[in-house]
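Residue numbers (the working numbering), protein chains in the order written: chain S, 1 to 337; chain G, 338 to 674.
Just so you know, these hints were derived from the structure itself, not from any lab.
The calculated SDA-like cross-link candidates involving lysine to any residue, where the alpha carbons are at most 25 Å apart (straight line), are: (1) S:103 to S:137; (2) S:138 to G:435; (3) S:206 to S:47; (4) S:154 to G:358.
What follows is each chain in one-letter form.
Number of protein chains: 2
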Amino acid sequence: MGNNILLGHGSGGKLSHKLIKELFFTYFDNPILKLQTDSALLTLERSTIAFTTDSYVVDPLFFSGGNIGKLAVCGTINDIAVSGAIPQYISASFIIEEGFSLKELERIVSSMAHEAKKAGVLIVTGDTKVVNKGQCDKLFINTSGIGILDDKYKSISTGETIQAGDKIIINGSIGDHGMSIMAARNFGNFKTEIKTDCASLNHMIKEILDTKCLVKFMRDATRGGIATILCELTESKNIGIEIDESTVAVNENVCGMCELLGFDPFYIANEGKIILIASAKDADRIVDVMRRNEFGRTSAIIGEVVNNHHGKAVLKTGIGGKRIIDMLADEQLPRIC
Amino acid sequence: MGNNILLGHGSGGKLSHKLIKELFFTYFDNPILKLQTDSALLTLERSTIAFTTDSYVVDPLFFSGGNIGKLAVCGTINDIAVSGAIPQYISASFIIEEGFSLKELERIVSSMAHEAKKAGVLIVTGDTKVVNKGQCDKLFINTSGIGILDDKYKSISTGETIQAGDKIIINGSIGDHGMSIMAARNFGNFKTEIKTDCASLNHMIKEILDTKCLVKFMRDATRGGIATILCELTESKNIGIEIDESTVAVNENVCGMCELLGFDPFYIANEGKIILIASAKDADRIVDVMRRNEFGRTSAIIGEVVNNHHGKAVLKTGIGGKRIIDMLADEQLPRIC
Numbered sequence: 001m002g003n004n005i006l007l008g009h010g011s012g013g014k015l016s017h018k019l020i021k022e023l024f025f026t027y028f029d030n031p032i033l034k035l036q037t038d039s040a041l042l043t044l045e046r047s048t049i050a051f052t053t054d055s056y057v058v059d060p061l062f063f064s065g066g067n068i069g070k071l072a073v074c075g076t077i078n079d080i081a082v083s084g085a086i087p088q089y090i091s092a093s094f095i096i097e098e099g100f101s102l103k104e105l106e107r108i109v110s111s112m113a114h115e116a117k118k119a120g121v122l123i124v125t126g127d128t129k130v131v132n133k134g135q136c137d138k139l140f141i142n143t144s145g146i147g148i149l150d151d152k153y154k155s156i157s158t159g160e161t162i163q164a165g166d167k168i169i170i171n172g173s174i175g176d177h178g179m180s181i182m183a184a185r186n187f188g189n190f191k192t193e194i195k196t197d198c199a200s201l202n203h204m205i206k207e208i209l210d211t212k213c214l215v216k217f218m219r220d221a222t223r224g225g226i227a228t229i230l231c232e233l234t235e236s237k238n239i240g241i242e243i244d245e246s247t248v249a250v251n252e253n254v255c256g257m258c259e260l261l262g263f264d265p266f267y268i269a270n271e272g273k274i275i276l277i278a279s280a281k282d283a284d285r286i287v288d289v290m291r292r293n294e295f296g297r298t299s300a301i302i303g304e305v306v307n308n309h310h311g312k313a314v315l316k317t318g319i320g321g322k323r324i325i326d327m328l329a330d331e332q333l334p335r336i337c
Numbered sequence: 338m339g340n341n342i343l344l345g346h347g348s349g350g351k352l353s354h355k356l357i358k359e360l361f362f363t364y365f366d367n368p369i370l371k372l373q374t375d376s377a378l379l380t381l382e383r384s385t386i387a388f389t390t391d392s393y394v395v396d397p398l399f400f401s402g403g404n405i406g407k408l409a410v411c412g413t414i415n416d417i418a419v420s421g422a423i424p425q426y427i428s429a430s431f432i433i434e435e436g437f438s439l440k441e442l443e444r445i446v447s448s449m450a451h452e453a454k455k456a457g458v459l460i461v462t463g464d465t466k467v468v469n470k471g472q473c474d475k476l477f478i479n480t481s482g483i484g485i486l487d488d489k490y491k492s493i494s495t496g497e498t499i500q501a502g503d504k505i506i507i508n509g510s511i512g513d514h515g516m517s518i519m520a521a522r523n524f525g526n527f528k529t530e531i532k533t534d535c536a537s538l539n540h541m542i543k544e545i546l547d548t549k550c551l552v553k554f555m556r557d558a559t560r561g562g563i564a565t566i567l568c569e570l571t572e573s574k575n576i577g578i579e580i581d582e583s584t585v586a587v588n589e590n591v592c593g594m595c596e597l598l599g600f601d602p603f604y605i606a607n608e609g610k611i612i613l614i615a616s617a618k619d620a621d622r623i624v625d626v627m628r629r630n631e632f633g634r635t636s637a638i639i640g641e642v643v644n645n646h647h648g649k650a651v652l653k654t655g656i657g658g659k660r661i662i663d664m665l666a667d668e669q670l671p672r673i674c
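Same shape as in the complex, but just chain S:
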């Protein structure tokens, strides 16, 4: 196929067909995709579904523990899974800069295929556009996805059953993804290697739901970190939340990099972390189940829903103080996902 992407790879003509057959069909191999219909035809086991979309513009494309392709697949899987749905089908749409390396594209596509297989989802439809050199920065990927949803889990994404006394749970340390990107950019000339936490959490989430414990809310803590989720949630539900800072794990090198750069890890993007809310009686059981999964080894209860300061999330700091967690006004880390 040559070594680089040409404008013709996005023309819909011979070069496009070659790229689709030799690259996408080879890696995303499945009978639905191979029908080459305008739309993928799918027969779902349920008629209630979760449907989501995200575009990925992360820079650089490759970083420790992942790349834009893995991120795009995991991100969409997680958006579906935190809604209580079982992710099943994904679309993949590429906007590629003319001259981009075919070898790098293959590495990215291969990661996507690997991650989709691990998570048990099929990549069933796609699109490729090529723009002239300088009109986009290397590669952007959009993934949209569909999962089937059991009606009894419908309230998980809206959080309508949350009440005072419920516990806030997270499946591990915060800030790893954002700081892995900063490290990959060699920002501040650090010699540290921080690995992204990017992972598909659908299997862990299924294990939680299978316990029959009542999960009242889940959301993945991506762009804006856990602070942004807590702010959105307290504001939209007019509830109070108290987080105990000492229970929130931050890896040592992430903590160090944040301190030096002046970032608060609570606002740093994660790509494999969820905030989960459950009643006090179920919380320990859920944490136990999460800890048995490879992506939840250090799961912990980090706070609770309280019956005061409605509309606000408050952080109890290590030295005994309290401060309000506010929503980020500006962008601290562009192109983090």
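Given chain S's structure and the hints, the job is docking chain G onto it.
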């Protein structure tokens, strides 16, 4: 909101929320979107669906008869409708260059809302990313979509029931979209204004299917024009197709511009044209129904499936000759959609 897009509009923080509330929620107004869940929760009337995705990178963003937003909504609706499905839900994901005009974004979002409403679909989930100035060219939009599919129409997108004698139908003139973009680029300094044919064809397609005539194949003739569809179809089904050039309408100014620029209108993108295949006995009836729709006034039978030159589409030219329609090797018009 100020006048221009800032990096903070893509941060997930305060500015993002402001943009979502003041722009997207205002225009795409519907209860599913407003739940602000990670995924849109949908209850479908059928469990067989069509699922599709496309990214739009058209340049310029505005052209006669449309803009990137209208194109993105119509394109995804048409991909679903030509599969025999009823388009219902769409996602919209924006990649925006820092500094982009908020007023232009509003015009584009307003077009999307208008087009979705006309077509009877809801925009239920979305995403916004902002990249630094120079890292993308103004604005790219991805739309993915879901339509419900009656099992009896499953063979329309695969074309498995096509046989010799079947008629090839199109709903009007070719090449309008591609040449409208070239005119908007002021390519060759033309003073002509050519209007795109960009339109949502789902209502017309429903009228056709409601006749109970047997539709054997449909596809929208976008990137690569009708030539590319005919090549793909003859090759993948190993059938022969003969097109009568004199029956294929090309608007006068499109024809003139193509001649001057050295383009063949058969390869020029359309955004409101479908190729439909039906049995000879149903063809006239279908054309009648199409002509009654605003987007099918000049519908015509333009050829038929023949029992020779299998794997090839052949054009019978005005002067009595025949030539093979071959697939485009290279890209003649980058960023046409």
